[in-house]
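Colleague: Sequence:
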Amino acid sequence: MREVYGRRDFAIIGELVEPETRVLDLGCGEGELLAWLKEHKDVDARGVELTGTRVQKAIARGVSVYQGDLESAVEDYPDRAFDYVILSQTLQEVRDPLRVMRGMLRVGRRAIVAFPNFGHYTVRLSMLRSGRAPQNDLFPYDWWDSPNIHFFTVLDFEALARKERWHVERRIFLHGQRKVTFLPNLLAEIAVFLVGTSA
Numbered sequence: 329m330r331e332v333y334g335r336r337d338f339a340i341i342g343e344l345v346e347p348e349t350r351v352l353d354l355g356c357g358e359g360e361l362l363a364w365l366k367e368h369k370d371v372d373a374r375g376v377e378l379t380g381t382r383v384q385k386a387i388a389r390g391v392s393v394y395q396g397d398l399e400s401a402v403e404d405y406p407d408r409a410f411d412y413v414i415l416s417q418t419l420q421e422v423r424d425p426l427r428v429m430r431g432m433l434r435v436g437r438r439a440i441v442a443f444p445n446f447g448h449y450t451v452r453l454s455m456l457r458s459g460r461a462p463q464n465d466l467f468p469y470d471w472w473d474s475p476n477i478h479f480f481t482v483l484d485f486e487a488l489a490r491k492e493r494w495h496v497e498r499r500i501f502l503h504g505q506r507k508v509t510f511l512p513n514l515l516a517e518i519a520v521f522l523v524g525t526s527a
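Throughout, my numbering is defined as the position within the sequence shown, counted from one, plus 328.
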């Protein structure tokens, strides 16, 4: 499994995004993924990032990024302004994940969401052994210092997609450098979903 800027999920997202499309990356960090998509897929790349220094670095990479709160940023865009709206490794950090996802699917034809799977066996074992909030490669923070405020699993996300009647076009699960095809809720460290609306 190849990586883009050291991120396996970026490589998967890069495969999912079609060339010459309009892309919005929410919580785009320093713009690494957007710059890669712009260079390799010739996309019209836009981003939103909260931290000013990251915004400056993204702009230095040649991508259009503005500083703002991603949870309210989608309200600034009209319906179907983008082909893809990306949220990578951030859904677990937002205050209102459902509002964010609904907004993504309003302003974009498709949403690409990548998140760490809290159902991974190492997380389960960590809690079982220690009786405390897990700490591992997926969740390296102390509970009181963690940006993660929603701990959800592959099954939780799929249940939400069914409830909201979203159309899941692709599911890709990763463990280390390998794709997972068996028991992803137990064996996948990272999940990447390509989602659209059923309407």
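Take these hints with a grain of salt, some might be off.
To be verified - Cross-link-like lysine-lysine pairs, in silico, DSSO-like; alpha carbons within 27 angstroms at most:
| id | residue 1 | residue 2 |
| --- | --- | --- |
| 1 | K385 | K366 |
| 2 | K369 | K507 |
| 3 | K507 | K366 |
| 4 | K369 | K385 |
The set of hints was computed from the structure by calculation and includes no laboratory data.
Colleague: Would you mind marking each hint as holding or not holding in the structure?
Modeller: Quick rundown of the hints versus the structure:
1. K385 to K366: holds, 16 angstroms
2. K369 to K507: holds, 23 angstroms
3. K507 to K366: Measuring from Cα to Cα gives roughly 25 angstroms; hence the hint holds.
4. K369 to K385: holds, 21 angstroms
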